[in-house]
Amino acid sequence: MLIDKETKYDRQLRLWASTGQSKLENSHICLINATATGCEIIKNLVLPGIGAFTIIDDKKVTISDLSGNFFLTDSDIGKDLATAAKENLNEMNYEVKGYDIIKSIDSILNSEEDDDVSLWDTFNVVIVSDYCCQLDKLKQLLWNKKIPLLIVNTIGFYGSLNLISHETTVIETHQSNKLYDLRIDKPWHELAQLVENTDLDSFNDIDHAHVPSIVIHIKALNAWKRDHDNKPPKTRDERLDFKKHYITTLSRNINLEGNFIEALDSFHRALRPTEIPYSLQELFNNNQIFDENLNLSTPIFWIYIKALKNFVDQNDGLLPLPGSLPDMESDTESFISLKSIYREKAIQDQTLFYEEVIKMLRSLGRYDDEISKDSITTFCKNAQSLHVSYGSDKLYDSSLLQELLSPSPDQTLVNVYFSILAFNTFITEFGKSPSATNIEDFTKIFKNSFGIKEDALSSSLKETIQELLAHSSRSYHNLSSLMGGIASQEVLKLTTAQYIPLDNVFVFDGIHSSSNKWKINS
Amino acid sequence: MAKDTYLKKVLGSERYNRIRSSKVLMVGAGGIGCELLKDLVLTGYGQIHIVDLDTITLSNLNRQFLFRKTDIDKSKSLTVANAVQSFNYLNSNLIPHHGNIMDGNQFPIQWWSQFDFIFNALDNLEARRHVNKMCLFLKRPLMESGTTGFEGQIQPIFPYHSECFDCQAKETPKTFPVCTIRSTPSSPVHCITWAKEFLFYQLFDEADSTELNSADKIAGETDDKDQQENLAKEANELIELRNSIISKDKDVFFTELVFKIFKTDIERLLLIDTLWKSRQKPNPLQFSEYESELDNLIADDKNTSILTDDTKVWTILEDLYVLRKSGESLQKRINSGDESSISFDKDDEDTLNFVVASANLRSSIFHIETKSKFDIKQIAGNIIPAIATTNAIISGFSCLSGSDYFKVDAKKIGTDFSSFMNHSRTVYISIRPNKYITSALLSEPNEKCASSSLLSRGVLRISKSDVKAQTLGWLVNTLIDTYDYEEEGLSISLGQSRLIYDVDFDDNLGTKLIDINGFKDGELLFIQDDNDELENLELYITITGEGTLTTLPEFKLRPKKEFAEEDEEDYSMEEVDGNRDTIIIDDEEEKAIDDIVIEEPALKKRKVVE
Chain A
236 MLIDKETKYD
246 RQLRLWASTG
256 QSKLENSHIC
266 LINATATGCE
276 IIKNLVLPGI
286 GAFTIIDDKK
296 VTISDLSGNF
306 FLTDSDIGKD
316 LATAAKENLN
326 EMNYEVKGYD
336 IIKSIDSILN
346 SEEDDDVSLW
356 DTFNVVIVSD
366 YCCQLDKLKQ
376 LLWNKKIPLL
386 IVNTIGFYGS
396 LNLISHETTV
406 IETHQSNKLY
416 DLRIDKPWHE
426 LAQLVENTDL
436 DSFNDIDHAH
446 VPSIVIHIKA
456 LNAWKRDHDN
466 KPPKTRDERL
476 DFKKHYITTL
486 SRNINLEGNF
496 IEALDSFHRA
506 LRPTEIPYSL
516 QELFNNNQIF
526 DENLNLSTPI
536 FWIYIKALKN
546 FVDQNDGLLP
556 LPGSLPDMES
566 DTESFISLKS
576 IYREKAIQDQ
586 TLFYEEVIKM
596 LRSLGRYDDE
606 ISKDSITTFC
616 KNAQSLHVSY
626 GSDKLYDSSL
636 LQELLSPSPD
646 QTLVNVYFSI
656 LAFNTFITEF
666 GKSPSATNIE
676 DFTKIFKNSF
686 GIKEDALSSS
696 LKETIQELLA
706 HSSRSYHNLS
716 SLMGGIASQE
726 VLKLTTAQYI
736 PLDNVFVFDG
746 IHSSSNKWKI
756 NS
Chain B
9 MAKDTYLKKV
19 LGSERYNRIR
29 SSKVLMVGAG
39 GIGCELLKDL
49 VLTGYGQIHI
59 VDLDTITLSN
69 LNRQFLFRKT
79 DIDKSKSLTV
89 ANAVQSFNYL
99 NSNLIPHHGN
109 IMDGNQFPIQ
119 WWSQFDFIFN
129 ALDNLEARRH
139 VNKMCLFLKR
149 PLMESGTTGF
159 EGQIQPIFPY
169 HSECFDCQAK
179 ETPKTFPVCT
189 IRSTPSSPVH
199 CITWAKEFLF
209 YQLFDEADST
219 ELNSADKIAG
229 ETDDKDQQEN
239 LAKEANELIE
249 LRNSIISKDK
259 DVFFTELVFK
269 IFKTDIERLL
279 LIDTLWKSRQ
289 KPNPLQFSEY
299 ESELDNLIAD
309 DKNTSILTDD
319 TKVWTILEDL
329 YVLRKSGESL
339 QKRINSGDES
349 SISFDKDDED
359 TLNFVVASAN
369 LRSSIFHIET
379 KSKFDIKQIA
389 GNIIPAIATT
399 NAIISGFSCL
409 SGSDYFKVDA
419 KKIGTDFSSF
429 MNHSRTVYIS
439 IRPNKYITSA
449 LLSEPNEKCA
459 SSSLLSRGVL
469 RISKSDVKAQ
479 TLGWLVNTLI
489 DTYDYEEEGL
499 SISLGQSRLI
509 YDVDFDDNLG
519 TKLIDINGFK
529 DGELLFIQDD
539 NDELENLELY
549 ITITGEGTLT
559 TLPEFKLRPK
569 KEFAEEDEED
579 YSMEEVDGNR
589 DTIIIDDEEE
599 KAIDDIVIEE
609 PALKKRKVVE
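First to last, the sequence lines map onto chains A and B. Numbering-wise, the first sequence is residues 236 to 757 according to my numbering. Numbering-wise, the second sequence is residues 9 to 618 according to my numbering.
In isolation and in its complexed conformation, chain A is listed as follows (with noise of 0.2 Å):
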């Protein structure tokens, strides 16, 4: 990366590194609608460097667009929307590719021609921002290409966002949970072999002091186990007696033994048995790893899962070693080669497991570069926080339904999402916004939507509505600020292919200053 560039963006790189930044710089995305809120997320993707974005929007700039739109000004007035849009958000990154075009939705999707057809094919997300005829046409096509479309909504106070993603899969989760995986009830031979060889009774003071804890963990464990049948403790009395009696025993001083003390305070490191987490066991008997699916398009991240099946039925069950160490009391020379050890383990794993993955993409016909051996390194240390989740193509399921239908206490964000559903919906049939006086009609719209029988809507439901309707502008900039943030933000986690995204609609009420956050299922 060039030094300016590196300058430039050095806040972000410190949180996803440049494997991050060069998956977001080669990333296209697509907003359709050029409203405020939709330009508050171009604005926050262009900054940190997204390689390129489109805005389709066919209409001109009024006045009345500028009030919450901070990217319009006075000059732009009777100007294509989408290239007004475009030009003044490029500004703020020239090293950013900003794409117009200046048609309707629906004369993209009806349209046979090659460049409109093939289109979407451009975009690593699409974004949607307030109200789009023919959104489920568009839903559908996307859903089919399994390209992530982002749907918000900003109405007043209130705003809707919903990912529609048909897999999400992540291997950078940047979980912090994430527990080392230090096999103390398993050491490997040369990890055996370092405990074996450690006499404590052979140290003089200094040295005793010295010995790391995961040491003295394996030691404590091996004698118990010995003196158990073999069994970790496993009761609280149990526990008690291996800390006051495995542990406390080998110390000297326990009092003035800082890495004994260690050693006790982090005792249920020894206690965790190294197994293979439940999440991965289910990603093991995916379908999507069956020989049968295994073709030239498997996604890699898949391959990976197979591959890492066969590590582990090959390798007693254990998954590659990460080969990281937590922070330990101990001098440098014995911490540096217990470190050493399990570093050696973890690239003695790692090629392994690159190896198998090399193995897998021949026999289906594919190449080696389709993976790097950094990748594999990255793949190896989050192997135990794999996040996989997938989306539906619904806006919303019967759960939700029951939730709306059975009003309980604390249910203005489902009111709310419904109303902005339905807020669309009434766009669709009268071709303009319904206002405070649209009420009658809007309940009409509403009872049909979601199929409500009963004559009366629910008291805090009719209020939600009331709101709604009163403030229904579109251009709150205030709200059109904040979803845009939340909603870049799931675009980054998508394009940098870290942390987890939003799993899959996200309400908000500016009024009571609440939110939630739903699962609709397929």
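A few of these clues could be false.
As the list claims (entries may be wrong) - The calculated BS3-like cross-link candidates involving lysine-lysine, where the alpha carbons are at most 30 Å apart (straight line), are:
no., chain 1, residue 1, chain 2, residue 2
1, A, K240, B, K77
2, A, K380, A, K679
3, B, K77, A, K258
4, A, K697, B, K16
5, B, K285, A, K454
6, B, K16, A, K679
7, B, K385, A, K608
8, B, K182, A, K574
9, B, K17, A, K679
10, B, K310, A, K240
As the list claims (entries may be wrong) - Residues from chain A that face chain B, not an exhaustive set, calculated with beta carbons under 8 Å:
no., residue
11, R246
12, R249
13, L656
Stated by the list, open to error - Which chain B residues stay away from chain A? Per the calculated CB distances, all over 10 Å, these:
no., residue
14, I117
15, T180
16, T263
I should point out that these hints are in silico values taken from the structure, not numbers from a laboratory. The C-beta atom is built at its ideal place from N, Cα and C for all residues, glycine as well.
Chain A is already provided as a structure; the job is to place chain B on it using the hints.
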């Protein structure tokens, strides 16, 4: 259609009109500030003052969207005000101030009192504390905000009704004992601190001595005479070395530097046996082993690419090369006469390279892991990751929550903010799927917080004539009369806890106020009841014109609250780590388990930055 039709509709015309006629202050025009200003302008605030002391740098551009490359080195506050002007549809009156918000001359309390609401968009604790204090003095509502990477929060502060910024203890930067840094480092951060705050500082920065060379501090840490003498000697020689920058040729300076710092000093440390009884001894650098290779490196200009290889961990030879190159340029800069001294700046490549190379050389001598320039930059520069998205979300919350204040008529409620306690919320956002956005109602002030509860505060308006004519004795009597202290029963400190009067220290009683060092506009007087019956009092000194009336704030001091000694501990920010027997909690990396087993109230642990 008028441009504000929508806003009137959404906010309601009463609230909108109040916002239109309000004056607000935004402190900080950086990551949050750029976003927030846009939000405030598009919400239609009548007058917005913007204060920032910073200038724009390249690394701001990934998120501070009001700045362009051509703006680098310009004032942030002036630039944002200009940038927003072309989008200022509702004609907010924007008034930028380039300056330090803590500067009492530029921003005296009278200036603060003009604002209806204050938005913080700051990046450091000190300034946040200052703004918090001003808001407590004036009882003005404050919106606090901060982000770190993907995390962020807002906290509305209603003085004396909700928690203030100081009510929750904050994580403060770690400090290390001088001896650890100077004699017995054991981790990379020790060596980086040494390189930046001792070596670099003593060689290139203002000639003042650093904390790391304070004889008092060292004496407080160790009785070992050998070590004390050694540290003093080491520092004196460094001053000689500083002179070599000007008097000697670049080769000589470099050689002297390497020999003294990485060989002689280390050899001398080795002579102090007590240091190495339970530690591994350092290995002095054997420069001769690298000399010829280093000459080869220097001879080829292509090797300057090493200097920009930020993510590689350099070898000892490369560290020496970088030290040589950066030392040479720093020497040149000093000798050119343009700069009499150079301060460490993470964005100044020469200073960063020098610190990285010397920290790494020291690390390898002490058998400590060496690090890449990218990593050392983060530690030495206290760099906090930052992105546009988080700032946009947090600014959105800040503006949204701030606009709540204008739902009510400020004239009616005055400083009674109790109505906000029922619905105003602190909001916290994170990247963790189960903590996407969390919020909580405001808490009452922490009754042990020194800033919001233990004292009364107000403004002492004192006429210039009284300052000239009256003595400290007069002030003491005035205080006794106004607040019912017992005769001689109080003590007074000025500014940063400098005692000017108590019953055993009455030397100043006859001194005119004007002659008391530090008795000036913007200083704080801190008054304590010696009988411990009345609460503490803090007065902000404002000197008014000749002949005006001197006034003290009118209130009755409340009885002092008593706290048992052991309670103090509750207030310190203990990590939740009890129950080790039943709950598995591990190191930093593993801490997220607390999601499952420990229900922490949102916002208890807070890191507040940018």
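Evaluation of the provided hints:
no. : hint            : in the structure
1   : A/K240 / B/K77  : holds, 12 Å
2   : A/K380 / A/K679 : violated, 35 Å
3   : B/K77 / A/K258  : holds, 24 Å
4   : A/K697 / B/K16  : holds, 22 Å
5   : B/K285 / A/K454 : holds, 27 Å
6   : B/K16 / A/K679  : holds, 28 Å
7   : B/K385 / A/K608 : holds, 27 Å
8   : B/K182 / A/K574 : holds, 27 Å
9   : B/K17 / A/K679  : holds, 24 Å
10  : B/K310 / A/K240 : holds, 21 Å
11  : R246            : holds, 4 Å
12  : R249            : holds, 4 Å
13  : L656            : violated, 20 Å
14  : I117            : holds, 31 Å
15  : T180            : holds, 21 Å
16  : T263            : holds, 29 Å
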